[in-house]
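Using the sequences and the hints given, assemble the complete structure.
In the order they appear, the protein sequences are chains S and Z.
Residue numbering for the first sequence follows full-length UniProt numbering, starting at 1 and increasing by one per position.
Residue numbering for the second sequence follows full-length UniProt numbering, starting at 1 and increasing by one per position.
Errors might be hidden in some of the hints.
Since the list gives no way to pick one copy over another, a pair counts as held whenever it fits inside one copy or between any two copies.
Unchecked claim - Here are the simulated DSSO-like cross-link-like pairs (lysine-lysine), alpha carbons at most 30 Å apart as the crow flies: (1) Lys42 / Lys268; (2) Lys3 / Lys224; (3) Lys20 / Lys268; (4) Lys268 / Lys35; (5) Lys42 / Lys3; (6) Lys41 / Lys268; (7) Lys386 / Lys20; (8) Lys195 / Lys20; (9) Lys13 / Lys359; (10) Lys3 / Lys227.
Simulated from the structure, these hints should not be mistaken for lab results.
If you're wondering where the values come from, they're calculated on a predicted model, not measured in any experiment.
Protein chains: 2
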Amino acid sequence: MSKVYVAGIGATKIDEHWEKGIRDLMVEAALNAIKDAGIEKKEIEAIFVGNMSSGYLQGQEHLGSLLATWLGIPGVAANKVEAACASGGAAVHNAFLAVKSGVYDCVLVVGVEKLTDAITSDATDALIMAEDQEYVAFTGASFVALNAFVYKAYMKKYQAKQEDIALFAVHDHKYAANNPLAQYPKPITLEEVLKSPMVADPVRLLESAPLGDGSAALVLCSEKKLKELQNGDVLVELAGSSLSTEIFSVHDRTDLTSIGATVKASRKAFQMAGVEPKNVNVVEVHDAFTVLGVIHLEDLGFAERGSGWKLLKEGQLEKDGKIPTNTMGGLKARGHPVGATGVYQVYDVVTQLRGEAGKNQVDGAEVGLTQNVGGVGGTVAVNILKRVR
Amino acid sequence: MSKVYVAGIGATKIDEHWEKGIRDLMVEAALNAIKDAGIEKKEIEAIFVGNMSSGYLQGQEHLGSLLATWLGIPGVAANKVEAACASGGAAVHNAFLAVKSGVYDCVLVVGVEKLTDAITSDATDALIMAEDQEYVAFTGASFVALNAFVYKAYMKKYQAKQEDIALFAVHDHKYAANNPLAQYPKPITLEEVLKSPMVADPVRLLESAPLGDGSAALVLCSEKKLKELQNGDVLVELAGSSLSTEIFSVHDRTDLTSIGATVKASRKAFQMAGVEPKNVNVVEVHDAFTVLGVIHLEDLGFAERGSGWKLLKEGQLEKDGKIPTNTMGGLKARGHPVGATGVYQVYDVVTQLRGEAGKNQVDGAEVGLTQNVGGVGGTVAVNILKRVR
Chain S
1 MSKVYVAGIG
11 ATKIDEHWEK
21 GIRDLMVEAA
31 LNAIKDAGIE
41 KKEIEAIFVG
51 NMSSGYLQGQ
61 EHLGSLLATW
71 LGIPGVAANK
81 VEAACASGGA
91 AVHNAFLAVK
101 SGVYDCVLVV
111 GVEKLTDAIT
121 SDATDALIMA
131 EDQEYVAFTG
141 ASFVALNAFV
151 YKAYMKKYQA
161 KQEDIALFAV
171 HDHKYAANNP
181 LAQYPKPITL
191 EEVLKSPMVA
201 DPVRLLESAP
211 LGDGSAALVL
221 CSEKKLKELQ
231 NGDVLVELAG
241 SSLSTEIFSV
251 HDRTDLTSIG
261 ATVKASRKAF
271 QMAGVEPKNV
281 NVVEVHDAFT
291 VLGVIHLEDL
301 GFAERGSGWK
311 LLKEGQLEKD
321 GKIPTNTMGG
331 LKARGHPVGA
341 TGVYQVYDVV
351 TQLRGEAGKN
361 QVDGAEVGLT
371 QNVGGVGGTV
381 AVNILKRVR
Chain Z
1 MSKVYVAGIG
11 ATKIDEHWEK
21 GIRDLMVEAA
31 LNAIKDAGIE
41 KKEIEAIFVG
51 NMSSGYLQGQ
61 EHLGSLLATW
71 LGIPGVAANK
81 VEAACASGGA
91 AVHNAFLAVK
101 SGVYDCVLVV
111 GVEKLTDAIT
121 SDATDALIMA
131 EDQEYVAFTG
141 ASFVALNAFV
151 YKAYMKKYQA
161 KQEDIALFAV
171 HDHKYAANNP
181 LAQYPKPITL
191 EEVLKSPMVA
201 DPVRLLESAP
211 LGDGSAALVL
221 CSEKKLKELQ
231 NGDVLVELAG
241 SSLSTEIFSV
251 HDRTDLTSIG
261 ATVKASRKAF
271 QMAGVEPKNV
281 NVVEVHDAFT
291 VLGVIHLEDL
301 GFAERGSGWK
311 LLKEGQLEKD
321 GKIPTNTMGG
331 LKARGHPVGA
341 TGVYQVYDVV
351 TQLRGEAGKN
361 QVDGAEVGLT
371 QNVGGVGGTV
381 AVNILKRVR
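Shown next as structure tokens:
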């Protein structure tokens, strides 16, 4: 099977893009990635769009074909991949399979979501569709409410304090401050986080990922295609890609403090890439809420159970720490345009592996991992990237 | 690359399933396919769900993870694939790539759509999202209206008569009468079709695919996995699978009487499978409206331009004709549960290749083709199946 390489990356700034529609965002990110790859548009053979809610929020389905035409390459294969907030990571996975299959040598992955300016309803209604409509969503439970249970369960089980866990938001904002694509590129203090309004006890507003619009894109190619490209000195391989599910609804699980899908997907991806947690130099975790960032570090094998918050408190997630994490701002501060997030995570890790992260650069980063979560862990996509030259 | 085999097929009857939710339909079809394959549920490694509008109509996204749990196999990889009405065919394509990639040896494809009993809005609003919301849908144009333009353009260009084209509906109903899964298993007459209410001039009600609910499923496996299975005397290979797009909006095209995506996708699939139109013994075309069935036969290479309706009139689409078509009832009478349709088409062709089509059996069928269309041709998926023993 061919190896899979990231030939190009592109993205829009994450923002409330009142002046741009979902197609504008997709096209902008895609053209950036195509330019970065140094290819012509017509070299793209297939498009995988990661998106959750364009039907409900924009009244627009069929994004794959829409994008193909608005990119000026009607004729290519195209479809949309959806796995709630893990749609982006799942799209990367399907694109990975497409290149591995030998059927396509050059594919485009575009994650996109527009949460502001919805025509049919609002984002909260759309997001809870990641959980079970018939057993959970109809009650009026929001996504924050469900994660509040997780937060309480974690604090109780491990005697962890909110002031320690909430540091994740401070950490993210510190790095977002140096990321021109971030939605909130400014530092915040722990005091601000802990004094921010309560959304669902104990989750504070500034512990929650914001609503924003954005699109990120990747050009993936095979070994065969790679030989045709004028790539730079640095080359990044998508060395492992895995997708896993977990018991769908939070109320059916026996333990809220771990997500089985993260454990399973990461072990498969590690094996595929031939690396272990200790080899990973930079990590992007799906910290839609602070406590999730902590739990993910444990599930991924970077921290012992119940001690993820200690790594955070000790500064081990910093760019010069033991396990540099969310070094471009994470979900909290780079932003979380749902179906685009998994693709932004790969964008951010590739930026690090290429040595293009500016003030946020992790010195000598060679292996990076992204973890993208759908629902409250119903789906997890893990992608592992390696600098191969 | 491994060859890809259809190890099992399953489906629900297409109907207005007021008593069944989208999960019930998916699980029923999936369990039927798993049983048919003679495997245990736990042997499934990945799930690809084809669906267009569950978010808008049922308030439920994240169908991949939902299905994994309700099938009792949380942990597997799962995601949803969307390409409007071609979602099912696109899901088959992504699953085909997954097996070819060598990453998965045993995958489940489930197409599903529930158009009745929608919680948020109605099916007409959902379906027009396959076209451009900002340039077309917002005007109030419906899907039937857009296809009415196609119908008029075809009749004018080729001097074809509606009474000849409308025969497609009569043809479909004749075969649906012997298909226990069909939504309308009863014959109709040409007179009934031509006297049925006008929906959008010149499209008559009985020339239009009905709204219905249903789910169809396939188990696809690799050569490696196949050796573990106790398969019957007959074995079907998914020998070619292709997806292509076309200029997204009808108003941007120079010719309404041909769909470029069908031409492109079919040529790729023919090449992949190593067959030509003359080798095909049974065909399923996406005749959401009668005129489309005629156009598709021409685009696929089974008829000369402007003469598809002649094949129909001459009886060449019958089970003993030159090119047996829609021999289980087609979209018009088997039914068209949008995101499930592309999977039902494969189900129907496999039924023929296995010699299990009962009164509708095409004698000695060895090669079959399915063509599944999204929007007014914005996406086309073509899958080619071969009986290999």
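Using 30 Å as the alpha-carbon threshold, which applies to Lys42 and Lys3: within, between, both, or neither?
both (22 Å within a copy, 28 Å between copies)
Up to 30 Å CA-CA - Lys20 versus Lys195, copy category
Intra 33 Å, inter 47 Å, cutoff 30 Å: neither.
How do Lys41 and Lys268 come out at 30 Å by Cα distance, when the copy is not named: within, between, both, or neither?
Intra 33 Å, inter 20 Å, cutoff 30 Å: inter-copy only.
If the cut is 30 Å between Cα atoms, do Lys20 and Lys268 qualify within a copy, between copies, both or neither?
For Lys20 and Lys268, the Cα distance exceeds 30 Å both inside one copy (38 Å) and across copies (36 Å).
Between Lys268 and Lys35, at a C-alpha cutoff of 30 Å, which is it: within one copy, between copies, both, or neither?
So Lys268 and Lys35 pass the 30 Å test across copies only (28 Å; inside, 32 Å).
Since the copies are identical, ignore which copy is meant and state whether Lys13 and Lys359 lie within 30 Å (CA to CA) inside a copy, between copies, both or neither.
within (18 Å within a copy, 60 Å between copies)
Can you give me the call for Lys3 and Lys224, within, between, both or neither, at a CA distance of at most 30 Å?
So Lys3 and Lys224 pass the 30 Å test inside a copy (9 Å) and across (21 Å) alike.
Between Lys3 and Lys227, at a C-alpha cutoff of 30 Å, which is it: within one copy, between copies, both, or neither?
Intra 12 Å, inter 27 Å, cutoff 30 Å: intra and inter.
Within, between, both or neither: Lys42, Lys268 at alpha-carbon 30 Å:
For Lys42 and Lys268, the Cα distance is within 30 Å only across copies (17 Å; inside one copy 34 Å).
When Cα atoms must be at most 30 Å apart, do Lys386 and Lys20 count as within-copy, between-copy, both, or neither?
Answer is neither: 34 Å inside a copy and 47 Å across each miss the 30 Å cutoff.
Going down the numbered hints, you'll see the structure goes against 3, 7, 8, while the others check out.
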